Amino acid sequence: MLNSIFKYYLKERKLLTYFLVSSFFVTVLDLYGPIVVQNLIDNSIPKKNINEFFMFSAFLLTLYIIRLFLSIYSSSRGQLMGNRIKFFMREDLFKKILNQPDTYFMKNQSGDIISRVTNDLENVSALLYRGLEDFLFSILSIAGAMALMATFNLKLTLITMIPLPIAIYFTIIQNKKLKYGYIEVRERFSKLTSGIHNSLKTIFFIKDNVLEKDTLEKFSSKNKELLSVEKNNIFNTSALMSGINFYNQLTQLIVIFIGGYMHIKGEISFGIIVSFILLTNRFRVYLLRLMGLVDVFQRGATGISRFLEIMNIPNIKDGNTIIEKNIDSIKVDGLNFAFGKQEVIKNLSITIEKGEKVAFVGESGVGKTTIFSLLKRTFLPEENTIFINDLCIHEVDRESLLNKIAIVDQRDSLMNETILENIKVVKRDATKKEIEEALELAELKEFVESLEKKENTKLGQGGIELSSGQKQRLSMARLFLKDPEIIFLDEGTSALDNILEKKIMDNILQKFEDKIIISIAHRLNTLKKFNKIVVLGKDGIKEIGDFQSLIDKKGVFFNMYKAGNL
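Residues 4 to 569 in our numbering are what the sequence shown lists, from first letter to last.
If you are wondering where the hints come from, they were derived from the structure by calculation, not from laboratory data. These numbers come from a predicted model, not from an experiment. Warning: the hint list may mix true and false statements.
Mimicking DSSO-like on lysine-lysine, the simulated pairs with C-alpha atoms at most 27 Å apart in a straight line are [said to hold, decoys possible]:
#1 Lys194 with Lys221
#2 Lys334 with Lys531
#3 Lys379 with Lys514
#4 Lys474 with Lys485
#5 Lys436 with Lys485
#6 Lys227 with Lys180
#7 Lys535 with Lys514
#8 Lys320 with Lys349
#9 Lys485 with Lys506
#10 Lys565 with Lys541
#11 Lys545 with Lys532
#12 Lys535 with Lys407
#13 Lys221 with Lys110
#14 Lys565 with Lys506
#15 Lys379 with Lys541
Please build the complete structure, drawing on both the sequences and the hints.
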């Protein structure tokens, strides 16, 4: 874990050096102040030398001013270092997330992924900056204060330190309670957040079925659980803070009582007593800073763990061969595929040549969408079962393959950007003419022209809401603009009425006449112009042929078509 994080410190070694050096001098000045005070009280005041008194006072004020600016510089360098480390970690994490397969996003909630990129790295940043500063310099300050006190008077130092083991033991016990308390608070808070997310995700269902009361009761239950653990934590935190304050007051009382006694006997000066009080007060400050690290460390360590959990996921093994020429054929030879022990595709063999239009139909769960996932290398099949231009898909560079594929499915893939940005995302250098042609082929040009800002109209939050059909047509416009070698349609026209569906399908078949089109469709009447219709079942291919031949055969496809047109 440390090696993985240390490399980010190395990236910011310049800021790290500035931060550590300036923080070191701040600590030195904190310890040097009591020495000046001791000299001021023991030397300048008794002599009644007004010039020397003002000189020491001015010197002390100068130290405090220098400390002020050093502290500002140290804090700003430290925060900048923490923010820059967070920046690089966030970049690396998001890049890693983007390179994950579809299955990762199926298994993980979007809220959890967002939390890893945002909240978790905020906590990591706090640990890497504040945690480092508070830990190193609190230890250094406490050790320095003890050493300085010993140089003043070893006997008084040892007596003053008598309550320290008890304070340390008390602090360790309270820290353990706080550690588990913080973990419990975060767990309860996570459950509360998850509950809110689920409620908002299904808010229309809740309102349509008058479930507001039930939803509020569940929320209140989780909210009460959170309040309960927070109450326990508040007590433990208050006990810790009060205990440290009591320790500080006790040590000051010891200094005043024992120090006063030693002063009366002539063993120490009054200035040493004052310096001891100042130094014991530093103990309290730095002990409090160390205690504050408990939550910072817990949150930061959890954030680092969750960061590395994603960063350590093995990358998808990519091929080395970049597809540069046109795709002339796709060959599937004896393909078997399973998710764990669940077999999804069994002994599938088919060859699709350039210009062919092929559809996969069948009941749910026979692997239609999985075939798409395998063809675009989301999942890797057994070797020598899928070939692109006679090249095993294992050897194919995934990015070069996806650049030649366009996919239209039922998912909402639109961004909160303008219509223009949503289309141009597949071809950044597209001309106005190409965009207008794409909109026209997607039967969307008339609608866009009717908008006040036309293609510069923003979608989503702060903009207009599109119907399901309009969203799907916008996805179709992307398809026409990209002009790919392979077209995947996974229920790509499911949100369209029959008239629009026929128009757009005719446009697709005409524009991409010489390209490979692979479709999944439940509206079987849209497949009349397809070269091959592959009827899949649990045991593999049930039937294969064109539309008319399968109807004439009066088999599985005929029964599906008949049932769909009742």
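Satisfaction of hint between lysine 531 and lysine 334, Cα-Cα up to 27 Å: With a Cα-Cα distance of about 23 Å, the restraint between lysine 334 and lysine 531 holds, given a limit of 27 Å.
Pair hint lysine 227 and lysine 180, alpha-carbon separation not exceeding 27 Å: holds, 20 Å
Pair hint lysine 485 and lysine 506, alpha-carbon separation not exceeding 27 Å: holds, 19 Å
Given pair status - lysine 485, lysine 474, alpha carbons within 27 Å: Distance ~17 Å between lysine 474 and lysine 485 Cα, so the pair holds.
Restraint check for lysine 535 with lysine 407, where alpha carbons must lie at most 27 Å apart: holds, 22 Å
Pairwise hint evaluation, lysine 541 against lysine 565, where the allowed Cα distance is 27 Å at most: holds, 21 Å
Hint consistency between lysine 436 and lysine 485 [alpha-carbon to alpha-carbon, up to 27 Å]: Holds: lysine 436 and lysine 485 sit about 14 Å apart, inside 27 Å.
Hint consistency between lysine 565 and lysine 506 [alpha-carbon to alpha-carbon, up to 27 Å]: At roughly 23 Å apart (the allowed maximum being 27 Å), lysine 506 and lysine 565 satisfy the hint.
Pair hint outcome, lysine 320 versus lysine 349 [Cα-Cα no greater than 27 Å]: holds, 24 Å
Hint consistency between lysine 194 and lysine 221 [alpha-carbon to alpha-carbon, up to 27 Å]: With Cα atoms ~11 Å apart, lysine 194 and lysine 221 stay inside 27 Å; holds.
Given pair status - lysine 110, lysine 221, alpha carbons within 27 Å: With a Cα-Cα distance of about 25 Å, the restraint between lysine 221 and lysine 110 holds, given a limit of 27 Å.
Given hint lysine 541 paired with lysine 379 - CA-CA distance at most 27 Å: holds, 22 Å
Checked against the numbered hints given earlier, the structure satisfies every one of them.
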